[in-house]
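Dock chain F against the given chain B, drawing on the hints supplied.
Chains as they are written, first to last, in our numbering: chain B, 81 to 391; chain F, 53 to 316.
Calculated directly from the structure, the hints in this document are not laboratory data. We put the CB at the ideal spot given by N, CA and C, even for glycine. A couple of the hints might just be wrong.
[Said to hold, decoys possible] Between beta-carbon pairs, the in silico distance windows are:
id : chain 1 : residue 1 : chain 2 : residue 2 : range
1  : B       : D275      : F       : Q121      : 48 to 58 Å
2  : F       : L163      : B       : G227      : 37 to 47 Å
3  : F       : G160      : B       : A341      : 48 to 58 Å
4  : B       : A356      : F       : G160      : 53 to 63 Å
5  : B       : A356      : F       : G95       : 49 to 59 Å
6  : B       : V370      : F       : G160      : 40 to 50 Å
7  : F       : S285      : B       : E387      : 46 to 56 Å
8  : B       : S154      : F       : A221      : 52 to 62 Å
9  : F       : G77       : B       : R181      : 45 to 55 Å
10 : B       : R376      : F       : A175      : 28 to 38 Å
11 : B       : A384      : F       : G160      : 47 to 57 Å
12 : F       : Q125      : B       : A175      : 40 to 50 Å
13 : F       : L163      : B       : L182      : 34 to 44 Å
14 : B       : A245      : F       : N94       : 45 to 55 Å
Chain residues, written in single-letter form:
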Amino acid sequence: MMEALFQALTLSGGYNARVVALGCAAFGLAAGALGCFVLLRGRALIADAAAHATLPGLCLAFILAAGMGWNPRSLPLLMGGAAATAALGVLAAGALARGGRLRDDAAMALVISIGFGIGVALLSVVQSLPVGGQAGLSSFILGQAAGMSAADAWLIFWLALAALAAVAVLFRPLAVLCFDADFAAAAGLPVRWLDLALLGLMLAVTVAGLRAVGLILVVALMVVPAATARLSTERLSVMVPLAGLLGAFAAWMGAGLSAAAPSLPTGATIALVACALFLLALLFAPARGVVAFALRQRRLRQEAAMEARSA
Amino acid sequence: MSIAPPALEVRNLSVAYREAPVLRGVNWRAPASGLTAIVGPNGAGKSTLLKAALGLVPRLAGEVRFFGQELRQARRRIGYLPQRASVDWDFPATALQVAAMGRYPRVGWFLPLPRAERERARAALAEVGMADFAGRQIGQLSGGQQQRVFLARALALEADLYLMDEPFAGVDAATERAIIDVLHRLGREGRAVIAVHHDLATAPQYFQHVCLLNGGVVAAGPMETTFTAENLSRTYGGRLSLLDEAALRPAAAPPAGRPLRAVP
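Looking at chain B on its own, in the form it has when it is part of the complex (with noise of 0.2 Å):
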């Protein structure tokens, strides 16, 4: 197994996990990147009501194949069902909780609940589908890199770098948004597009991780790599680039790992590689670090014993 896990991690395990790899890697450094944003636009739940929201697309596009004659297991259609149902939640919970109708987090567990539940409901009826090819969907649950075809691991990288480029040109305006929207509107951004933008990039990179990750624990790569990141900086121009390479990490480390033991779930290997490099950070990060708050309060406690002991 270490063999084989060596050979994933250096590329050395033959052009087809190599790309497979590639295209992970480039999925966590947008997922990595764009989740800073994400998380400072306090937009966490809304990316898993998205992701969760993606199943019965997912399921809806097996069957329309399914119907038409179709390959069932293309990328790209599921890819497109996939998007297409996510963005339908997003706009349902936006709509659910505007004007103060619903709460956000409310609002958000129902659409996740809908979503969640309309499309187990709908894997049963694609399991009882005169076609073959099922199994295949329970990967995009929870996730399997290994067994992905060059070809799809080439949408995941090309769909993870547009985002990526996306995140690098509206950077500026990001920024400003997720700090002071109110401000942002004054001073001429169009903060109702921005924040679509920003929508329509966090539903790119959850499509683009649906197949390695799995609709369940994608969201992880936009979480915790950005507060990974977090805690470890007070720089946003240092953040995104920083939870963009930890998210890279994960994933290319995660799907080295489930090459090597094909029957672990990719998607789990990736977050806990992530949340992994989370906790070291929870212990070691320089300013806000459990370690470095203990040192710090040990000696402000001695600092403060000496004065009383002078005084």
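Coordinates of chain F only, in the frame set by chain B:
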């Protein structure tokens, strides 16, 4: 008044959030320059008036003109200072980076900020006495210092009209002094400042004009003739406390040349 169009003109403005309207048919012409306070009880719609004028909250009816122009045409001439509590100060940015946000509308949102522009942001920080904190993360600043950073960002906009939402809320005496110095500089340069203000005792000392607001405009005009006990009691509907009235008595008719309230 001169022929210059009012810095802000509001006609028949109505705004509602959920049920009852917050503002009902507001008509007001703010002077073309100088410092104007918007004064009124809680829930009078003071902040809403600023936000509705800037298009940040939808309006039911009414028109807004800045210097005789639509918001779209006049946007570059307007600077907005939101309430300090409206943003998350844990945001990963330094004081200088926040001040530099005030330069983006002029420089463009996509290109890196040229050195000269960063220096302008730094100069704005210096004017509010925050030059030494340029590299500090904004969450590590005190409330008063955060308010000054907000003011520096507004100054960096180099606007002709500033709309400020409670610029003095929750700040220490030194910050209040620094802010009022900046406001007076803006007034001397012929710019207009419209600020939501809560402290009835200091309003007549800090501002030249006043708009008394409670759902609609109760009275508006020069401070000396408008800021009267009678107009105030009409604005506050008898809810003015004894303390407030005591504070008002000397202030209602300020002697000429009276110095600002002593602040260290």
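### Task
Output the numbers, in ascending order, of every earlier hint that fails for this structure.
Failing hints, ascending: 1, 4, 9, 12.
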